[in-house]
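Just so you know, the sequences run in chain order A and B. Under the numbering used here, the residue at position 501 of the first sequence is numbered 501, and the numbers go up by one with no gaps. Under the numbering used here, the residue at position 435 of the second sequence is numbered 435, and the numbers go up by one with no gaps.
A few of these clues could be false.
Covered, in the sense of this in silico footprint (three residues per stretch, anywhere, with C-beta under 8 Å from a C-beta of chain B), are these stretches of chain A [what the hints assert, rightly or not]:
1) 23 to 36
2) 48 to 62
3) 288 to 296
4) 337 to 351
5) 444 to 454
6) 546 to 560
None of these hints come from the bench; they were simulated from the model. In this text, all values refer to a predicted model and were calculated from it rather than measured experimentally. All residues carry an ideal CB built from backbone N, CA and C; glycine is no exception.
There are 2 protein chains.
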Amino acid sequence: MSKKAQAAERLIYLPLGGAGEIGMNTYVYGYGVPGQERLIVVDLGVTFPDMDGSPGVDLIMADIDYLAAAKDRIDAIFITHAHEDHIGALGLLWETLGAPVYARNFTANIARRKMAEHGQPEKAVHVAEPWPQTVKAGPFSVGFAPLSHSIPESSALVIDTPQGRIVHSGDFKIDKTPVVGEAFDEAMFTEIAKDGVKALVCDSTNVFSPLPGRSEASLAEELDALVASLTGMIVATTFASNIARVKTLAEAGKRAGREVCLLGRAMRRMIETGVEAGILSDFPATITPEDAREVSRGRLMLIVTGSQGERRAASAALSQGAYLGLSMKEGDTFLFSSKTIPGNERGVIRVMNNFSEIGVDIVDESGGKYHVSGHANRPDLQRMHQLIQPQFLIPMHGEHRHLREHVKLGAESGLTGVVAPNGTMISLSGNVPVVCGHVEAGRTYLDGSQLIGNLDGIVRDRIRMALGGVIVVNLLIDEHDEPLGDPWCELMGLPETGSSGVPLVEVLEGDLSQYMNRADDKTLLDDERLEKEIRKIVRNLAQIEIGKKPEVMVVVSRLT
Amino acid sequence: MSKKAQAAERLIYLPLGGAGEIGMNTYVYGYGVPGQERLIVVDLGVTFPDMDGSPGVDLIMADIDYLAAAKDRIDAIFITHAHEDHIGALGLLWETLGAPVYARNFTANIARRKMAEHGQPEKAVHVAEPWPQTVKAGPFSVGFAPLSHSIPESSALVIDTPQGRIVHSGDFKIDKTPVVGEAFDEAMFTEIAKDGVKALVCDSTNVFSPLPGRSEASLAEELDALVASLTGMIVATTFASNIARVKTLAEAGKRAGREVCLLGRAMRRMIETGVEAGILSDFPATITPEDAREVSRGRLMLIVTGSQGERRAASAALSQGAYLGLSMKEGDTFLFSSKTIPGNERGVIRVMNNFSEIGVDIVDESGGKYHVSGHANRPDLQRMHQLIQPQFLIPMHGEHRHLREHVKLGAESGLTGVVAPNGTMISLSGNVPVVCGHVEAGRTYLDGSQLIGNLDGIVRDRIRMALGGVIVVNLLIDEHDEPLGDPWCELMGLPETGSSGVPLVEVLEGDLSQYMNRADDKTLLDDERLEKEIRKIVRNLAQIEIGKKPEVMVVVSRLT
């Protein structure tokens, strides 16, 4: 390779998801001549839809158009851990990328399930051994450095490149007693960093939490005391994928002499996978829902899905009656061993009030008594900065405000940071990180069975219909291009009668008949013009009658 | 009146709104023979819609069908204070009730504006003087007992009835230095209660807050320190109707030598009304937005609407660029002197991230440093219980879980309580409160200019369209009841192509043509049957092609 070409090679970082939201983690690293970089992808996560912005959508993923166009340059996909916001899109997006997938054993187990669910080849998933083992991928050499989070085998990635070492933290906390998974190993990270690290790309979700994080193991005592104090059935919820917490809860139940039953498909599957992978061999014995029905309330503890108030999860079902024949009643206790993710409050509160109506007592996380976060708080982030002492700090996994605050936090220790939201391509080749490009970073929706773009207008139309209702206008035009009969209208999602007291349909049809009778030949021949004018008439009349402008669909039927 | 009739008379309490949610306060008291009670209404509040449950709706009010049917038995409407969740529905619902409205001077001022806005007679609003003055209304005598909240002239109602005294707390906190409005007067409430109180109907919103409430006046010192520490423009937001806070913020700005400007129509109007009513004569001088544009950033403080992230409020506008020619930039600070109401997190976070992108620093309430609640916390509720020592405690203004917890709290002091959610009619005549009836308690939506019911199916249809999208199918049937041409389809809010790779419209039209060609005469004559079968075909095909079942509208055009 000539010196000229060599000089032009660069090392890039490009977040496509996760840098601008909590969830949907999708990061790209590249090395090579601009526009011809060899690429690796780190994580393919999802985030969840809501009625405000994505009604009817099933899952949200990053927009990977940039990667699709560069398919032949992708050397590998690395998955840091098995949480949905890091692995959830693998099965759905893999076909577009087509590169080998590397993950540690437990994560690979989940990854293969994701691939199989969507008809993708399980053999594309390869098990990577932990650091100091590495995987070679194009110009990159990547190692999985174990760290503590709330699911087993969570790892930071040590990414060696021709222009230096990058540490991509993944999600982590600094926990010396994490209940499941490896403890945080400061000596290992010190060793990893000893020859200098170009960039620390670092989890930012808890940058606004000022106190040092607490260990998962610290919950056992409080949970034991709570469980021991209760006499009715106990039902506890947490994220299905928070394997550490499920285990902590199950052990508390067992110590109080209760039978433990897991409810909710996602949770049962997650624990099964952990047992299969050989990393949960000490998980307490559980009973089936059928057997649970035979156990007296005071001797039973259920651990269930639905900590975020999800409508179809076990928690919501129990709050509305029964789930698999199990039901709660006065004297029972429901424990949220979880925190409500901002935006999910309405759903969680709905579940709480349903339980209140049944007479079930609710215990929430109680200011940290029954829940600790799986992410590094502010002092722990500072500790990570100290351990790695990177040349650049690039905050990831957070909303814009988290990324910005994390850069500020790093600056307090003299670190050079950059806020790089989704779609911002950063060159790491120089002495400071430089924005060297922008990629359109939309979102991909799984909608039913189809992948659609958030900017396709499809979901925008749904939101408009939800806000404005719909009026369909039908016109018949005969062989001679003359109106045949009167136009007629149908409403959907609108009141039948407006301010005049006459049915809205009649008001509309009356005015539209008049319009059609006086419409000139040119208009009657021109569907587009006809539609435009009729839409205007209908919206204006609706505004007068019902005070809102609905979506209007004009259907012109021409006899030929 | 015969003894028999007298024996049958009863005293009833019936919440129609506010007992099952925070907001929408609407309570009814009655006295008389069952079914013929004379009635008074306390508060007519609103709550706010959301995309999850009420897309396209403008405001939510209680369902007052019960009151509409009893219009001739309503003697008066009392408004405890001028917050939207107590007065917001007055102008919209008054015509249905038609009774005189009583409120204290400032509240009456707001009430008249609400009436005028909706073309209702302002003269129906009467100014009531504070306790010990009373208003006679049928069998009731009602006094406005001043107490502290976050808006002037907030009052509890002392409701004397032939069967004893009721104290209806309204919204309150126990604040001896409330900045605006009267201080909490324990001696007055002791005096009110000295001859015994049948029932305390009591605010429950903060029953889960364990610490004693803090005074509005306690904020001044922290706010002064914050404002003094900042050099750029300061923009602070709080509820427009939290007059006490607007004043506290304005005074902090003034003390730091800043010009103060109020932005947002609701806030300006609220302060103007207070000044007109003579209760805000000491409100600091403010400048207009035009003048504010001429003031240097370091000498300016804006106080703005939109603390809940509302899309059209001043905060949101500033976060997206400019409002009335004023804009924020790096080095400026935005202060949330407010708490996010559960359910509004997404909107507030959106505003925060917009500001983060501009480089504006955000200060939130910081665990109470810059915000105190206007409601009584747990120990303050206990104090109120002690002062009134009622025979019955009836929690109001809260979700079900708040009402239930408040009953439990009262029980700790030996009080007999009852959870009475919206629609539950309670007889207070006996020695214990008894549920004596149920009223259908839905919700009334202001939708554009129309009032519709939450159970009318209108909003349900909008939600279905938002979740599933819409397919309109058009059929032409000729004079001989034979299909004319092929059916055709239009999509709204749906992907154009599904799993087969053929446009969805073509797939649908192909199958529908076949169906129409083989349909028998009987079906072709029967619109309902035709629609039903076509809907089924379309939904099943859509499920196969795109994995979801849209709403289907079938339009049959018959030539005659």
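We went through each hint and held it up to the structure:
1. 23 to 36: violated (count 0)
2. 48 to 62: holds (count 5)
3. 288 to 296: violated (count 0)
4. 337 to 351: holds (count 5)
5. 444 to 454: It holds, with 5 qualifying residues against the three required.
6. 546 to 560: Three-residue rule met by the segment 546 to 560 of chain A, so holds; n is 9.
Checked against the numbered hints given earlier, this structure breaks hints 1 and 3; the rest are met.
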